[in-house]
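Protein sequences appear in the order of chains A and B.
Here the first sequence stands for residues 1 to 116, where the numbers follow our numbering.
Here the second sequence stands for residues 1 to 224, where the numbers follow our numbering.
Treat the hints as calculated values from the structure; they're not laboratory data.
Remember, predicted model here, so these are calculated numbers, not experimental data.
Misleading hints may appear alongside valid ones.
[To be verified] Within a straight-line C-alpha distance of at most 20 Å, the following computed SDA-like cross-link-like pairs (lysine to any residue) qualify: (1) A:K64 to B:V3; (2) A:K12 to B:A19; (3) A:K52 to B:D89; (4) A:K12 to A:Q32; (5) B:K156 to A:G87; (6) A:K109 to B:M1; (7) A:K109 to B:E12; (8) B:K178 to A:R97; (9) B:K150 to A:I39; (10) B:K150 to A:I89; (11) A:K12 to B:M91; (12) B:K150 to A:R97; (13) B:K150 to A:E35; (14) B:K150 to A:T102; (15) A:K64 to B:I4; (16) B:K178 to A:E35; (17) A:K109 to B:D15; (18) B:K156 to A:R97; (19) B:K156 to A:G38; (20) B:K178 to A:I89; (21) B:K150 to A:L100; (22) B:K156 to B:I111; (23) A:K12 to B:M98; (24) A:K64 to B:R8; (25) A:K64 to B:E5.
[As the list claims (entries may be wrong)] Pair ranges (Cβ atoms, derived): (26) A:R97 to B:K28: 37 to 47 Å; (27) B:L6 to A:T45: 13 to 23 Å; (28) A:S24 to B:R8: 17 to 27 Å; (29) B:G110 to A:Y92: 51 to 61 Å.
Virtual Cβ for every residue (Gly too), placed ideally from N, Cα, C.
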Amino acid sequence: MHELSVVLHIAKTLDELAEENRLSRIGSVTLQVGEVSGIMTDYFTECWDYFKKKHPLLSDSRLKLETLPAVTFCEGCRQEYETVRYGRICPYCGSERTYLLTGNECIIKEIEAEDQ
Amino acid sequence: MRVIELHRSVTESNDRDAARLRAELKEKGVLLINLMSAPGAGKTTLLIRIITDLRGKLSIAVLEADIEASVDAERIEALGARSVQVHTDGMCHMDAGMTRTGLEALDLDGIDLAFLENIGNLICPAEYDTGAGLNLMISGVPEGDDKPLKYPLMYKESQALVLSKLDTLPYFDFDVEKFRERVLFLNPGIRIFPVSARTGEGMEALEQWLSEETAKWQEREEHA
Chain A
1 MHELSVVLHI AKTLDELAEE NRLSRIGSVT LQVGEVSGIM TDYFTECWDY FKKKHPLLSD
61 SRLKLETLPA VTFCEGCRQE YETVRYGRIC PYCGSERTYL LTGNECIIKE IEAEDQ
Chain B
1 MRVIELHRSV TESNDRDAAR LRAELKEKGV LLINLMSAPG AGKTTLLIRI ITDLRGKLSI
61 AVLEADIEAS VDAERIEALG ARSVQVHTDG MCHMDAGMTR TGLEALDLDG IDLAFLENIG
121 NLICPAEYDT GAGLNLMISG VPEGDDKPLK YPLMYKESQA LVLSKLDTLP YFDFDVEKFR
181 ERVLFLNPGI RIFPVSARTG EGMEALEQWL SEETAKWQER EEHA
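Pulled out of the complex, with its shape left as it was, chain A reads as follows (with noise of 0.2 Å):
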């Protein structure tokens, strides 16, 4: 369901995009998706191949996911770590004080487009 809304937020967005540029038709999107955003690339992929189909401006594009790595910033020690290795408590000292540097995101990078 999540991702579904998020291919639906992507297709808002480039229809504007398409309008403000005289776009006909979008060849392909590159996506980059953090490690830690929740968003299931596998079941993503489903989501666009099921709705470009509804959506004459997507309907032949090609999906590029490109992962961008999660960093955590450790306060106790003031050191990064990977995220997904370690989780929330810094490996380095043990603190529990620990923020997301990265890895969260979800953003178009660019488009391959054809103009009207």
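For this one, chain A is given, so just place chain B on it according to the hints.
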């Protein structure tokens, strides 16, 4: 075929819609509160209590969002309050566009305070700005005191938190102090209201806060 670089967050167009809706609501003097919680935390029961207690003081309307059914809107309407049911048809959250559509169906003339009762879900609703002036979250005692650890984003995105079903404390291993600590660790500025909508315990403090926030929202509008 040409390449267009966007580097645009997926939620950006929603954020824009939300900011626009918030500005319009400020102009109208209607404080919209986005009410979020897990299913069964007591959103509708809490709203019924608030509407009943604040009758004659604040004019309140409710936008009910559910995947299906209209049982919540019927319960609110039975009190004589204005209510509209929005069906999201499977969507797990409300976004600014859906909120706007719902509010258009709900006549806001003369309304001071409107609640958006979001989909019962601790994850997705926190990720989308609805255009509300404030986010209010409910966490129920039976859900356990570990929920801030598992669903941190909603606790971070809310300006206030209602700890509901306080009357069930004797039956659950719920450590109120530990819960409070975990919430404040995520969000030091959040207001916490422990209440029981059933017995009325704690409701006065919550209702006073709602009245003050509504007055503040309407006052800012006059100075704008």
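Comparing the hints with the structure gives:
Distance restraint check for K64 of chain A and V3 of chain B: the Cα-Cα separation of roughly 13 Å lies within the 20 Å cut-off, and the hinted pair is therefore satisfied. A C-alpha spacing of about 17 Å is found between K12 of chain A and A19 of chain B, which places the hinted pair at or below 20 Å, so the restraint holds. Taking the CA atoms of K52 of chain A and D89 of chain B, the gap is about 19 Å. The hint holds against a cut of 20 Å. For the hint pairing K12 of chain A with Q32 of chain A, the CA-to-CA distance comes to about 17 Å; that is within 20 Å, so the pair holds.
Under the criterion of a C-alpha separation no larger than 20 Å, the hint pairing K156 of chain B with G87 of chain A is consistent with the structure, at around 18 Å. Using a Cα cut-off of 20 Å, the hinted pair K109 of chain A and M1 of chain B holds, with the two alpha carbons roughly 16 Å apart. Annotation: proposed proximity of K109 of chain A to E12 of chain B holds, straight-line Cα distance about 13 Å (limit 20 Å). The hinted pair formed by K178 of chain B and R97 of chain A meets the criterion: a straight-line CA distance of about 16 Å does not exceed 20 Å.
For the hint pairing K150 of chain B with I39 of chain A, the CA-to-CA distance comes to about 17 Å; that is within 20 Å, so the pair holds. Taken as a hint, the K150 of chain B and I89 of chain A pair is honoured in the structure, with Cα atoms around 14 Å apart against an allowance of 20 Å. The suggested pairing of K12 of chain A with M91 of chain B holds, with an alpha-carbon distance near 16 Å, which does not exceed 20 Å. Using a Cα cut-off of 20 Å, the hinted pair K150 of chain B and R97 of chain A holds, with the two alpha carbons roughly 16 Å apart.
A distance of roughly 17 Å separates the Cα atoms of K150 of chain B and E35 of chain A; the hinted pair therefore holds under the 20 Å criterion. Only pairs whose Cα atoms come within 20 Å are accepted, and K150 of chain B paired with T102 of chain A is accepted, the gap being roughly 19 Å. Proposed proximity of K64 of chain A and I4 of chain B is supported: the alpha carbons are some 14 Å apart, at most 20 Å. A distance of roughly 30 Å separates the Cα atoms of K178 of chain B and E35 of chain A; the hinted pair therefore is violated under the 20 Å criterion.
Straight-line distance between C-alpha atoms of K109 of chain A and D15 of chain B comes to about 18 Å, which keeps the hinted pair within the 20 Å bound. Taking the CA atoms of K156 of chain B and R97 of chain A, the gap is about 15 Å. The hint holds against a cut of 20 Å. For the hint linking K156 of chain B to G38 of chain A, the alpha-carbon distance of about 17 Å falls within 20 Å, and the restraint holds. With a C-alpha separation of about 18 Å, the suggested pairing of K178 of chain B with I89 of chain A holds against the 20 Å cut-off.
Proximity of K150 of chain B to L100 of chain A is assessed by CA-CA distance (about 15 Å); at most 20 Å being required, the pair is judged to hold. Restraint check for K156 of chain B and I111 of chain B: the C-alpha separation of about 28 Å exceeds 20 Å, so the hint is violated. Under the criterion of a C-alpha separation no larger than 20 Å, the hint pairing K12 of chain A with M98 of chain B is consistent with the structure, at around 13 Å. Restraint check for K64 of chain A and R8 of chain B: satisfied, since their Cα atoms lie roughly 15 Å apart, inside the 20 Å limit.
For a cut-off of 20 Å, the pair hint linking K64 of chain A to E5 of chain B stands: about 14 Å separates their Cα positions. Checked against the hint of 37 to 47 Å, the C-beta distance between R97 of chain A and K28 of chain B comes to roughly 42 Å, which is consistent with it. Between L6 of chain B and T45 of chain A the Cβ separation comes to about 19 Å, which falls inside the hinted range of 13 to 23 Å. Here the CB-CB span from S24 of chain A to R8 of chain B is close to 21 Å, well matched to the stated 17 to 27 Å.
Distance hint check: the CB atoms of G110 of chain B and Y92 of chain A are about 59 Å apart, consistent with the given range 51 to 61 Å.
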